[in-house]
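Chemist: Sequence:
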Amino acid sequence: MSQWNKIKKTALTLSIIAASLTSYAANAQQPQWTIDNLDQPESVVTSIDGQFIYISNINGQPMELNGQGYISIANIDGKMVDQHWLKGLDAPKGLAVSGQYLYVADMQKLVEINTTTGKVENTYKAPNAKMLNDVTATTDGSIYVSDLLEGTIYRLQNGQFEAWFKSTALPHPNGLYAQQGELLVGSWGKGMNSDFSTAELGSLLRLNIAEQQLSTVPTGYKLGNLDGVIVTADKSIYVSDWLTGELFKLQGKERKLVLSLKPGLADIGANKQYLFTPMMMDNEVNAWKLSDF
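Residue numbers (our numbering): 1 to 293.
Source of the hints: derived by calculation from the structure; they are not laboratory data.
Possibly wrong hints are sitting among the right ones.
Keeping only pairs whose Cα atoms sit at most 20 Å apart, straight-line, the calculated SDA-like set for lysine to any residue is [to be verified]:
no.: 1; residue 1: Lys190; residue 2: Gln180
no.: 2; residue 1: Lys222; residue 2: Pro171
no.: 3; residue 1: Lys130; residue 2: Pro171
no.: 4; residue 1: Lys87; residue 2: Asn66
no.: 5; residue 1: Lys109; residue 2: Thr34
no.: 6; residue 1: Lys190; residue 2: Met131
Taking CB as the label site, the calculated pair distances span [said to hold, decoys possible]:
no.: 7; residue 1: Gln157; residue 2: Ala233; range: 41 to 47 Å
no.: 8; residue 1: Gln100; residue 2: Gln251; range: 19 to 25 Å
no.: 9; residue 1: Gly191; residue 2: Gly88; range: 23 to 29 Å
no.: 10; residue 1: Asn208; residue 2: Asn66; range: 34 to 40 Å
no.: 11; residue 1: Leu149; residue 2: Lys235; range: 29 to 35 Å
no.: 12; residue 1: Lys79; residue 2: Thr216; range: 36 to 42 Å
We put the CB at the ideal spot given by N, CA and C, even for glycine.
Please take these sequences and the hints and turn them into a complete structure.
Modeler: The structure is reproduced here in structure tokens:
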């Protein structure tokens, strides 16, 4: 059995367990639109002008260097503009926009794409990386990238891409979101097995950029095998669990399960109106009204 099939089998088992423990009142709402016929969509991010979304498509095994991965562009209303806007990637995952550039985590490299021309302008290699995963950008233009398997966070700053943070307290960092001098980091958990299940669920952490100090978000303690992390305009934090398909909303001292979806809920995105859920195992992206949560 391939590693990808092991992951899918584990995800299905965990989702069945989660379903038996969860009230499906969380799924009373329906998506506003769906984009289907994608190829393992892993991440969604909004363009700088807010008119489009970029979608990364793995299109193969999650760790396969096959050159078949690609980036799609769709309108904010869910109409596909160009499914294969940029081709030739390996297993592209996390996305971040900074100025006119789109940054893509693509296994052992960070790809910089000029969104005006649709061309790759730079490729930053991380030869010691195992699987670069999520990407986030700070207001000063620095780019941070997680390596889920190596347990490292990389930084691109002033043209230099290098390992920036590593700690035994954060063995498998995944989702990243930059805000106000810190990174919110979604941990996959501790004691990872070959099927990506873990001995201990992951937590949502804060990482002070200047001091490189970690602390746990109380409402995000041992929350799940965390993938996407976003913060919306009302300061709510949304976090996705890839293996169970659960989406949580953290606001103040409260934690709420807002959606119970299928396994493969990956790197979520949002604008002022919608929250976008890439469903990696169902080959689709859905948009949900934030006001429903």
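Chemist: Does each hint fit the structure? Answer for all of them.
Modeler: Now for the hints, and whether the structure bears them out:
1. Taking the CA atoms of Lys190 and Gln180, the gap is about 27 Å. The hint is violated against a cut of 20 Å.
2. Distance hint between Lys222 and Pro171 is fulfilled; the C-alpha atoms sit about 14 Å from each other, no more than 20 Å.
3. Proposed proximity of Lys130 and Pro171 is supported: the alpha carbons are some 13 Å apart, at most 20 Å.
4. The hinted pair formed by Lys87 and Asn66 meets the criterion: a straight-line CA distance of about 11 Å does not exceed 20 Å.
5. For a cut-off of 20 Å, the pair hint linking Lys109 to Thr34 is broken: about 30 Å separates their Cα positions.
6. In summary, the hint linking Lys190 to Met131 is supported, as the alpha carbons are separated by about 17 Å, within the 20 Å threshold.
7. In this structure the supplied range 41 to 47 Å is violated for Gln157 paired with Ala233, their Cβ-Cβ distance being about 27 Å.
8. Between Gln100 and Gln251 the Cβ separation comes to about 33 Å, which falls outside the hinted range of 19 to 25 Å.
9. A hinted range of 23 to 29 Å is violated for the C-beta pair Gly191 and Gly88, which are about 36 Å apart.
10. Checked against the hint of 34 to 40 Å, the pair Asn208 and Asn66 passes, with Cβ atoms roughly 38 Å apart.
11. Between Leu149 and Lys235 the C-beta distance comes to about 32 Å, which sits within the given range of 29 to 35 Å.
12. In this structure the supplied range 36 to 42 Å holds for Lys79 paired with Thr216, their Cβ-Cβ distance being about 41 Å.
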